[in-house]
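**Q** The primary structure of each chain is shown beneath.
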Amino acid sequence: MFHLLWLVPAFPVVSAALLMLFGRRLGDRMAAFLGCGSIGLSAVVSILIAWRFLAAPPPGAALTEHLWTWMSVAGFSPGISLYLDALSLIFMLVVAFVSFFIHVYSVEYMRGDEGFSRFFAYMNLFVASMMLLVLGDNLLLLYLGWEGVGLCSYLLIGFWYTDPKNGLAAQKAFIVTRVGDTAMALGLFLLYQQLGTLTIQPLMHAAQLAWPHGSVYATAAGLLLLGGACGKSAQLPLQTWLPDAMAGPTPTSALIHAATMVTAGVYLIARTHVLFALAPTAQFAVAVVGAATLIAAGFAALTQDDIKRILAYSTVSQIGYMFLGLGVGAWTAAIFHFMTHAFFKALLFLASGMVITSMHHEQNIFKMGGLRKHLRLAYWAFVIGGCSLAGLPLVTAGFYSKGLILWGTLSSPVGSTTLWIFGTIGVFMTSLYTFRLIFITFHGECHHPPSHKTGWLMGVPVIVLSVLSIVGGFVELPAYLGNHPWFTNFLQSALPATVEGPHPALGELGSEALVVLTFFVGLWAAWFFFLKRRDLATALSAKGLGRALHHWWYTDWGMDWLYDRLFVRPVGWFSNTNKTDAVDLIYTGAAAATRTGWRALSLTETGRVRWYATALVLGAVIFIFLGALL
Amino acid sequence: MLLAGILFALGMIGLLARRNLLFILMSIEVMLNAAGLAFVSAGARWGQADGQVMFLFILAVAAAEVAVGLALLLRLYHRFQSLDTDSASEMRG
Numbered sequence: 001m002f003h004l005l006w007l008v009p010a011f012p013v014v015s016a017a018l019l020m021l022f023g024r025r026l027g028d029r030m031a032a033f034l035g036c037g038s039i040g041l042s043a044v045v046s047i048l049i050a051w052r053f054l055a056a057p058p059p060g061a062a063l064t065e066h067l068w069t070w071m072s073v074a075g076f077s078p079g080i081s082l083y084l085d086a087l088s089l090i091f092m093l094v095v096a097f098v099s100f101f102i103h104v105y106s107v108e109y110m111r112g113d114e115g116f117s118r119f120f121a122y123m124n125l126f127v128a129s130m131m132l133l134v135l136g137d138n139l140l141l142l143y144l145g146w147e148g149v150g151l152c153s154y155l156l157i158g159f160w161y162t163d164p165k166n167g168l169a170a171q172k173a174f175i176v177t178r179v180g181d182t183a184m185a186l187g188l189f190l191l192y193q194q195l196g197t198l199t200i201q202p203l204m205h206a207a208q209l210a211w212p213h214g215s216v217y218a219t220a221a222g223l224l225l226l227g228g229a230c231g232k233s234a235q236l237p238l239q240t241w242l243p244d245a246m247a248g249p250t251p252t253s254a255l256i257h258a259a260t261m262v263t264a265g266v267y268l269i270a271r272t273h274v275l276f277a278l279a280p281t282a283q284f285a286v287a288v289v290g291a292a293t294l295i296a297a298g299f300a301a302l303t304q305d306d307i308k309r310i311l312a313y314s315t316v317s318q319i320g321y322m323f324l325g326l327g328v329g330a331w332t333a334a335i336f337h338f339m340t341h342a343f344f345k346a347l348l349f350l351a352s353g354m355v356i357t358s359m360h361h362e363q364n365i366f367k368m369g370g371l372r373k374h375l376r377l378a379y380w381a382f383v384i385g386g387c388s389l390a391g392l393p394l395v396t397a398g399f400y401s402k403g404l405i406l407w408g409t410l411s412s413p414v415g416s417t418t419l420w421i422f423g424t425i426g427v428f429m430t431s432l433y434t435f436r437l438i439f440i441t442f443h444g445e446c447h448h449p450p451s452h453k454t455g456w457l458m459g460v461p462v463i464v465l466s467v468l469s470i471v472g473g474f475v476e477l478p479a480y481l482g483n484h485p486w487f488t489n490f491l492q493s494a495l496p497a498t499v500e501g502p503h504p505a506l507g508e509l510g511s512e513a514l515v516v517l518t519f520f521v522g523l524w525a526a527w528f529f530f531l532k533r534r535d536l537a538t539a540l541s542a543k544g545l546g547r548a549l550h551h552w553w554y555t556d557w558g559m560d561w562l563y564d565r566l567f568v569r570p571v572g573w574f575s576n577t578n579k580t581d582a583v584d585l586i587y588t589g590a591a592a593a594t595r596t597g598w599r600a601l602s603l604t605e606t607g608r609v610r611w612y613a614t615a616l617v618l619g620a621v622i623f624i625f626l627g628a629l630l
Numbered sequence: 001m002l003l004a005g006i007l008f009a010l011g012m013i014g015l016l017a018r019r020n021l022l023f024i025l026m027s028i029e030v031m032l033n034a035a036g037l038a039f040v041s042a043g044a045r046w047g048q049a050d051g052q053v054m055f056l057f058i059l060a061v062a063a064a065e066v067a068v069g070l071a072l073l074l075r076l077y078h079r080f081q082s083l084d085t086d087s088a089s090e091m092r093g
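Top line first, the protein sequences correspond to chains B and X. Letter 540 of the first sequence, counting from 1, is numbered 540 in our numbering, and no numbers are missing. Letter 4 of the second sequence, counting from 1, is numbered 4 in our numbering, and no numbers are missing.
The set of hints was computed from the structure by calculation and includes no laboratory data. These numbers were taken from a predicted model, which means no experiment stands behind them. Glycine included, every Cβ here is placed at the ideal spot set by N, Cα and C. Please note: incorrect hints may appear among the correct ones.
Examples of chain X residues toward chain B, derived with CB under 10 Å [claimed, not checked]:
(1) 16
(2) 19
(3) 22
(4) 24
(5) 56
(6) 58
(7) 60
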C-alpha cells in the first residue's frame with residue numbers, strides 16, 4: 001500500500017498539466033471533473049495510506065519511498081523521495097481533505113468565469129506542490145514544493161489580472177515571501193556546508209552529533225529557517241503580504257492563504273525541531289515572533305472593514321499561536337492547532353465566499369447587516385467557525401487546540417507567564433474581532449438583502465467543514481476531560497513530547513478557566529460594543545486618541561508605510577538616479593561605436609558599379625603587393 | 001605572357017573607364033581570355049597539361065557568365081532604357 005504514496009502528488013500534477021495544455025478545449029464540465037477528480041483520488045489514496053499506517057505501522061513509524069535520483073553532482077545526490085511519518089501524514093490528510101472540499105466549492109463559485117480551467121490548473125498545481133512540500137524527504141525537495149506553492153499563490157492572487165491592483169498584490173506577496181525564502185536558502189546552504197547532507201533525517205542526526213547544545217551554527221541555521229517560515233507563514237515582520245493576498249478568488253484565500261500554504265512555516269519548524277531544540281535562542285525567537293504576531297494581527301483585525309481582510313488578519317494571528325506553541329516546545333499542540341485551524345478557517349472563508357457571492361461581490365461588512373435571516377447556512381457556518389476560532393469551550397475544535405498551546409506555554413520550562421499572558425490577550429482579541437464580524441454582518445438591520453441563494457455544491461463543503469470544525473477537537477481530550485490524548489500519542493513517533501517543567505501554581509484547569517473567562521469577556525465586549533451600543537464604538541474611534549489608534553491599527557501598525565519609506569522609496573530613488581550607470585555605458589558605448597562605423601561605411605556604398613570595380617582592383621593590387629613584400 | 005599581361009591591363013582599363021554595360025562585359029571577356037592565355041602559355045612553358053585543362057574550365061565559366069551577364073543587360077535596358085551603368089545607381093547605402 002505504501003508504494004502508492006507517489007500517486008498522492010502525481011494525480012494533481014497530471015491533471016494540472018492536462019488542464020494547462022488543453023484548458024478551454026475541455027469545456028467547463030470536464031475541467032471541473034478533472035480538477036476535483038484528481039484531488040479526490042489523491043484524498044482516497046491518502047486515506048488508504050493513513051488506514052494502513054494506523055493498522056500496521058511501518059518499522060520506526062516512518063518510511064521512505066525512493067522514486068529516483070534527482071541529480072548526482074560531486075557527491076551531492078538529492079533524491080526525489082517521499083518520506084512519510086506521523087507528521088507528514090497529518091499534513092497530507094488535512095491538505096488532501098480540505099483541498100478536495102474547496103475544489104468542489106470552487107466549481108460553483110467560479111462557474112462562468114472566463115478562466116475556469118486556468119483556475120483549476122493552478123489549484124491542482126498548488127496541491128501537488130504542497131504534497132511535495134510535506135512529503136519531501138530532503139530539504140531541497142521541500143524547497144521545490146515551497147517555491148511551487150509560492151508560485152501558485154502568486155498566480156492565484158493575480159488570477160483576475162485585468163485589474164492592476166490584483167497584479168500588484170500578487171507581486172507584493174511574491175516579493176515579500178522572497179525575502180523569507182532567501183533566508184531559508186541561506187539556511188540550507190549553511191546546513192549543507194556544515195553537515196554535508198540535506199536529507200532531513202540524517203541531517204537531524206548529524207546536527208545532534210556535530211553541534212553542542214546552543215552552538216552558534218545551530219542558532220544561525222535555526223534563525224535562517226525561521227526567517228523562511230516567517231515569510232511563508234506571514235509572521236512579523238513579513239506579514240504584510242497576506243491581507244493584500246485576499247485579492248484572489250475566495251476559494252484560493254481559503255485553501256492557500258488560510259488552511260494550507262501559510263502553515264508551511266509551521267511544518268518546516270516542526271520538521272526540523274531537532275535543530276531548534278539544539279538552539280534555545282532560535283526557539284525562543286520563534287515563540288516571541290508568534291506572541292508578537294498574534295497580538296499585533298489581533299488589533300489589526302479589530303479595525304478592518306473588509307470581511308476577507310478580517311479573516312486574513314485572524315489567520316496571521318492564529319499562525320502566531322502555532323509559532324508560539326512551536327517556540328515553547330509544545331510541538332504536537334501546534335500541529336493540532338494547524339489541523340483545527342485548517343478546518344475552521346477554510347470554513348470561515350468558504351462561508352464568507354457565500355456571503356460575497358450573494359451580495360454582488362460586496363466585501364465591506366458595514367454595507368451588510370441583518371443577513372442572518374437570508375443566509376441561514378452562511379450564518380450558522382460563521383457561528384460555528386467563529387466559535388471554533390475564538391475557542392468556545394468544550395464543543396469546538398479550536399478550544400482544545402488553543403487550550404493545549406496556552407497550557408504548553410505556561411507549563412513548559414522554555415515558556416513563561418509573560419508569553420501566556422500575551423496568548424490570553426490574544427484570546428480576548430480573537431473573540432472580540434470574530435464576534436464583531438458576525439454581529440455586524442449578520443445581525444442588526446438589513447440594508448441590502450442578498451440577491452440569490454447559493455447551490456449545494458457550495459453548501460456541502462461548508463456543512464462538512466462545519467462538522468469537522470466541531471468534532472476535529474475531540475481527538476485530543478485534555479487531562480481534566482478524561483485524558484485521551486490520541487492525537488499527541490499518534491504524533492509521538494515523529495515529534496518529541498511536550499516537556500512540562502515545574503508545575504505552575506495555576507494548574508491546567510485554572511489556565512483553561514482563565515482562557516474561557518477571557519473568551520466570554522471578549523464575546524460580551526463584542527456584543528456590547530458592536531450590537532447593543534454600536535454608537536459607542538463609532539464614537540470611540542471617531543476622535544482623538546481612539547481615531548489615531550484606529551487608523552494605526554487599520555493600516556496594520558503602519559507596516560506598509562514603514563516598508564514603503566524604508567525600502568521601496570530608497571530603492572526606487574537609487575534606481576532612478578542610477579539610470580545611466582557605469583555598467584550601462586559599456587553597452588551604450590558599443591552601440592554608439594557601431595553606429596559611427598555604419599555611417600562611415602555607408603558613405604562607400606554609392607551604387608555605382610564602376611566605383612565598386614575600382615575598389616576591387618585597388619584591393620587586389622594592395623593585397624598582391626602585400627603578398628609580394630612579406 | 002607579356003601579351004597576356006597587356007590584354008589583362010587593357011581589359012581592366014576598359015572595365016573601369018567604360019560606362020556602357022555591353023563594353024564592360026566585353027572587357028571582362030578580354031580579362032578572362034588574358035587569364036586563359038596566361039594559363040596556356042604557362043602550361044606550354046613547363047610542358048604540363050594543367051594549363052590547358054584550366055583554360056577549358058575558364059571557357060565554360062566565361063560562357064555561363066556571358067549568359068547571365070547578357071540576361072542582366074537586357075533587364076537593365078528594359079528598365080532604364082539605356083545601357084549606362086551610372087544610371088542604375090539608385091541603391092545607395
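**Q** Does each hint fit the structure? Answer for all of them.
**A** Each hint, compared with the structure:
1. With a least beta-carbon distance of about 6 Å to chain B, the hint placing residue 16 of chain X at the interface is held under the 10 Å criterion.
2. A hinted interface residue such as residue 19 of chain X counts as satisfied when its beta carbon comes closer than 10 Å to some beta carbon of chain B; here the least separation is about 7 Å, so the hint holds.
3. Evaluation of the residue 22 of chain X hint against chain B yields a violated restraint, the C-beta minimum of about 13 Å exceeding 10 Å.
4. Look at residue 24 of chain X: its Cβ gets to within about 8 Å of chain B, closer than 10 Å, so that hint holds up.
5. With 10 Å as the threshold, the beta carbon of residue 56 of chain X stays out of range of chain B, its nearest partner Cβ sitting at about 25 Å, so the hint is violated.
6. Given hint, residue 58 of chain X at the interface with chain B, is violated; its Cβ is 18 Å from that chain's nearest Cβ, farther than 10 Å.
7. Taking 10 Å as the C-beta contact cut-off toward chain B, the hint placing residue 60 of chain X at the interface is violated, the least distance being around 23 Å.
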